[in-house]
Every structure is written in structure tokens, then in C-alpha cells.
Amino acid sequence: MAKRAALYGFLALILALLCLVPAFASDYVVSLFLDLLMWIALTESWIILSGYTGYISLGHSAFFGLGAYFMAMTWTHIPYALGVLSGGLVCLAFAFAIGFPFLRVRGPYFVILTLGLSEFTKYLFINLEIKLGGTVGRILMMTPGLETLYYSVLIVGTGATITAYFVKNSRFGIGLFSIKEEEDAANSLGINTSIYKWLAFGISAFFPGMVGAILALRRSYIDPYTVFSPAVSFQVIVMAFLGGFEDVEGALLGAVVLTLVSEALWAQYPYYYMIILGAIVIFIVKFMPLGVLHPIKQRLLKEPQ
Amino acid sequence: MKDMKMLEARNISKRFGGLMALEDVNISVAQGEIVGLIGANGAGKTTLFNVISGTYAPTSGRILFKGREITGMRPHEICRRGLVRTFQVVKPFRNMTVLRNVMAGKLFGKDRVKNLEYAREEALKILEFVGLAQKAHVLARGLGLADHKRLELARSLAADPELLLLDEALAGLTPTETVEAMEIVRKIHEKLQITILMVEHVMKAVTGLCSRIVVLHYGRKIAEGTPKEIAENPEVVEAYLGESIEA
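Taken in order, these protein sequences are the chains called A and B. Just so we're aligned: 150 in our numbering is position 150 of the first sequence, and the numbers increase by one with no gaps anywhere. Each number in our numbering corresponds to the 1-based position in the second sequence with 305 added.
Simulated from the structure, these hints should not be mistaken for laboratory data. One or more of the hints may lead you astray.
Stated by the list, open to error - Reference excerpt, derived from the structure (chain B facing chain A, CB under 8 Å, subset only):
#1 385
#2 398
#3 399
#4 409
#5 410
#6 412
#7 464
#8 489
#9 491
#10 492
#11 496
#12 497
What you are looking at is a predicted structure, and each value in this text was computed from that prediction instead of being measured. The C-beta atom is built at its ideal place from N, Cα and C for all residues, glycine as well.
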């Protein structure tokens with residue numbers, strides 16, 4: 001119990017420090033932290049569906065892009081905070097709308113289906129934008145300052161992390177993990193598997209929608225190729241994989257490590273960046289399939305019985 | 306109320322493409338009975354279980370549980386009404402502890418317990434009941450077959466069944482383990498007052514536990530009666546290709 005209290009204290013301290021970053025750090029550092037928090041939000045929300053139920057989704061970029069486009073289309077018409085929240089809600093609604101048929105397929109078929117979803121939304125927006133404006137990109141003017149964007153991502157990232165934590169340790173979470181382990185047995189044991197997966201899909205889509213909305217303003221120029229890029233989904237998976245897939249600490253660690261490593265490599269070796277990153281990922285997948293954290297976690301975070 | 310029909314499956318047929326897996330099968334289980342369901346491999350026993358528990362919808366026929374129609378309901382709805390099944394090939398939640406497995410039954414079965422701490426206590430009691438308490442905190446994937454079978458029983462019991470469908474709960478066990486498992490089944494029936502319908506190949510267990518036996522052969526019911534009547538039924542003996550049924 002004392003250990004747990006110490007952990008909460010430590011997390012509160014980190015959160016407090018994160019709040020202070022814009023006050024002291026340079027714009028470069030703030031941007032880096034903004035990036036970090038963005039990936040944390042994306043990865044933590046991703047594990048709620050994919051880490052907990054085992055339905056590996058490549059759909060995160062679809063929700064990210066949708067949030068970004070929602071913001072781009074409503075910017076200057078509605079207030080910033082409302083735009084961000086609505087970006088998330090639109091994705092939640094979209095996930096709920098497509099959830100039932102999507103979640104009927106399992107395993108690799110689900111992966112491919114969600115990849116298809118990202119591509120579909122990408123080309124939908126390319127065509128839509130050409131129809132509407134004759135060109136595909138959108139420039140956003142009068143965007144909020146770096147500090148505002150930073151705090152927004154901090155809130156969304158913290159929200160996603162806390163949600164992932166509470167879902168995991170809840171009755172709902174036990175249901176989701178049962179689905180991952182043996183879906184038929186879970187269903188026969190009284191779990192409404194369709195509804196559970198559907199809810200997890202919706203929650204999981206809500207956060208990337210908000211992140212996308214914020215990031216649209218951060219970049220101030222968006223087009224479907226970048227915001228719907230499958231790279232977003234892949235990066236999220238790699239991060240979750242690095243940390244070890246099915247828990248909050250793992251996703252957090254994966255997001256932090258990969259963002260920092262990417263940043264370092266990108267700055268030092270811009271040409272070899274992807275190659276080095278790929279090699280690291282292959283190494284981890286091969287030798288630490290349960291994540292870098294796993295061996296440490298086995299020792300430290302064993303559930304107190 | 307002793308004669309109340311717990312389960313009534315009327316004229317059940319199930320077709321998979323050109324294969325008639327079940328043909329006009331009638332089976333009923335009264336409250337408090339242990340009924341055995343036997344038949345050679347491919348006779349349709351597991352298919353019948355799948356139809357009753359909602360995994361498959363029957364091609365035709367009706368299923369009544371405690372007098373209410375459950376035909377076409379989804380497995381979780383049927384479970385919540387108090388009809389719970391086990392699986393022939395055990396399906397534990399492998400990467401969860403034994404305790405969590407059983408907690409899941411408590412949380413989502415008939416009781417739909419909302420409090421995790423309460424579910425945990427109840428789950429421990431059930432583990433005690435099936436003799437698996439000392440392994441409560443082991444991951445399910447680390448168990449041997451006999452313990453897997455116990456876990457499968459414990460998890461189903463946690464869902465608080467009134468009728469339990471046991472699909473070969475004893476298959477693959479050593480003679481000693483079989484005796485122990487039979488004892489658990491008997492305890493489930495006597496102490497917990499749970500009605501049981503069991504598919505079983507171990508004839509000693511069927512004749513030892515069941516008051517009534519139903520025989521399926523190529524998807525049809527060919528006989529029904531006490532263990533003694535079944536053992537003497539020529540059609541049954543022939544269906545088993547002359548094997549002695551006492552074996």
C-alpha cells in the first residue's frame with residue numbers, strides 16, 4: 001500500500017513537472033514534449049482496444065485524420081476547446097457506427113480491415129477536398145500558441161492514460177481480457193462480447209480524434225496524405241510493442257522511448273534514421289517479444305496478492 | 306417442483322450444408338437430475354451442446370429452459386439465465402490467474418457482481434470447493450490437464466448455474482484423477498443442488514453418476530433410459546460396434 005502511495009506521489013510529481021515545462025523550457029523542448037504527449041495519448045488509447053482485447057487495429061490513423069479534418073473544417077467557426085472535444089466525439093460516433101460489422105472479424109482479417117479503413121478515409125478526403133476546393137491541402141490561420149497546444153495535449157494524454165488504467169483494473173477490463181484470451185468462452189460465461197468490443201473501439205477512437213484536432217492546428221497545414229498516413233498507426237503499434245502491449249506502463253514507456261530515440265536518431269543521422277529504427281524494432285521483437293519492460297515488470301510490478 | 310422441467314429441447318435439427326448433424330432430437334432434463342449424453346465420435350453430442358448453449362442456432366426445433374423459450378438467444382444471454390456450459394477442449398483465459406478466471410464467471414454470469422473484491426472472495430470459495438485454492442494465483446496457462454478441467458468447472462460454477470452442461474469434463478484424466486473429478490461432479494450435484502447434463506465417454510463415470518442416459522447415433526436419439534436399460538439395449542450395443550458398454 002505504501003508502495004502504491006509512493007507511486008501515485010511520483011506520478012503526481014511528474015504531472016506537475018510537465019505542467020511547468022512551458023514556463024521554463026525553450027520552444028524546442030516544449031515541442032518535443034508535445035510530441036511525446038501526443039504519442040502517449042495515441043498509444044494509451046490504442047491499447048484500450050488492441051492491447052486489452054487483442055483486436056490489433058491499424059485504424060488509429062483514420063481517427064487521427066478524421067479529428068484533424070474536423071478541426072480544419074470548423075476552425076474559426078467554433079471555439080478551440082469545443083473543436084477539440086467535438087473532433088474526439090466525431091471519431092467516437094464514427095467508431096460506434098462502424099463498430100459492429102468491423103468487430104465481427106478476428107485476427108489478421110481485422111488488421112487488414114482497419115488498414116482498409118485508414119486508406120478509405122484517406123481517399124475519401126482526397127476526393128472530397130478536390131470536389132470542395134479543387135486542391136487537397138488546407139492552411140490553417142490564426143492558430144493557438146504553442147503553450148495552449150501543449151496544455152491541450154497534456155490533458156488529452158493524461159486523460160487517455162488514466163482511462164487506460166481504470167479500464168484495465170475494472171470489471172469491464174476483466175471482460176476485455178477474457179475476450180482476448182478466449183472469446184467464445186467469454187461469451188458463454190455471460191460476457192456480451194459484441195458490446196464490450198464495441199465500447200472499447202469507441203473509447204479507443206475518441207482520443208486520437210482529439211489528438212488529430214490539436215495537431216492540425218499545430219502543423220497549420222494539413223493534407224490527407226499526412227494526417228491519414230498509416231505511419232501513425234504503425235508507430236503506435238511499435239510503441240505499444242516496445243513497452244509490452246497490454247498495460248498502461250508499457251504503452252507509456254514505449255511511447256517515451258521511441259519518441260526520444262527517434263528524435264535523437266533523426267537529429268544525428270537523418271538518412272539512416274529509418275534503418276536504425278527498423279533494426280532496433282527487429283531486435284526487440286526477436287529477443288524481447290513481450291516488450292522491453294517485461295523482465296523488469298515481472299519483478300517490480302507483480303500484483304500484490 | 307421436483308418434476309419441473311429444467312431443460313426441454315424439442316425436435317432439434319441442425320444442418321451444416323449437406324450434413325445433418327442433429328435430426329429431430331428430443332431431450333429433456335428435470336430439475337435435480339444428472340443426465341448422461343453418450344454416443345460415438347461424431348454422433349452430435351457437442352453440436353447439441355452448442356445448440357442448447359446458443360453457440361449455434363438450431364436449423365429447426367425449440368429449446369425451453371425453465372419453461373421459457375431460449376431458442377436463438379446468444380450464449381451470454383443463456384448463461385445469465387442460469388444455463389452454463391463447459392468446453393470439451395478447455396478454454397481457460399491462459400494469461401490470467403486462476404483466480405481471475407473464476408472471478409470472470411462471478412462478474413459476468415447470473416449474479417453479475419459489480420464489486421471486484423466481493424467477486425474475489427466468492428471466487429476463492431469456489432476454488433476451495435473444487436480443490437484448486439492453492440493455485441489461485443498461478444497463471445492458468447501453467448496448469449496441467451487435471452487442474453484445467455477443475456478450473457473449467459470452477460469458472461462455470463462461478464457463473465451460478467442452475468443447469469450445468471459438462472462436455473467431457475473427465476476426458477483424458479488418469480484413473481485416480483477421474484475418481485477425484487467424479488467426486489467433484491457429485492458434490493456439485495448434491496451440495497450445490499445443480500442439475501447436470503453431461504457428455505461423457507468414460508462409461509464408468511456415466512453409469513456411476515447419471516440417473517438417466519440418452520444415446521445419440523449419427524445425429525439421432527436412438528435410446529434413453531437408466532444406465533442398466535441402456536447397457537442392455539441391443540441397438541446401443543450395436544451402435545458401439547459390439548464393444549461392451551461396461552468397458
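Checked hints:
1. The interface hint given for residue 385 of chain B holds, since its Cβ lies 5 Å from the closest Cβ of chain A, which is under the 8 Å cut-off.
2. The closest approach between the C-beta of residue 398 of chain B and any C-beta of chain A is roughly 4 Å, which is under the 8 Å cut-off, so the hint is satisfied.
3. Hint status for residue 399 of chain B relative to chain A: holds, with the closest Cβ pair at about 6 Å, below 8 Å.
4. Of the supplied interface hints, the one on residue 409 of chain B holds, with its beta-carbon coming within about 5 Å of a beta-carbon of chain A, less than 8 Å.
5. For the restraint placing residue 410 of chain B at the interface with chain A, the shortest Cβ-Cβ distance is roughly 5 Å, inside the 8 Å limit, so the hint holds.
6. With its C-beta approaching chain A no nearer than about 5 Å, residue 412 of chain B sits inside the 8 Å limit, and its interface hint holds.
7. For the restraint placing residue 464 of chain B at the interface with chain A, the shortest Cβ-Cβ distance is roughly 6 Å, inside the 8 Å limit, so the hint holds.
8. For the restraint placing residue 489 of chain B at the interface with chain A, the shortest Cβ-Cβ distance is roughly 19 Å, beyond the 8 Å limit, so the hint is violated.
9. Using the Cβ-Cβ criterion of 8 Å, the hint placing residue 491 of chain B at the interface with chain A is not satisfied: the shortest such distance is roughly 24 Å.
10. A cut of 8 Å between beta carbons decides the hint on residue 492 of chain B: the least distance to chain A is about 21 Å, and the hint is violated.
11. Below 8 Å, beta-carbon pairs count as interface contacts, and residue 496 of chain B has none with chain A, the closest being about 22 Å; its hint is therefore violated.
12. With a least beta-carbon distance of about 17 Å to chain A, the hint placing residue 497 of chain B at the interface is violated under the 8 Å criterion.
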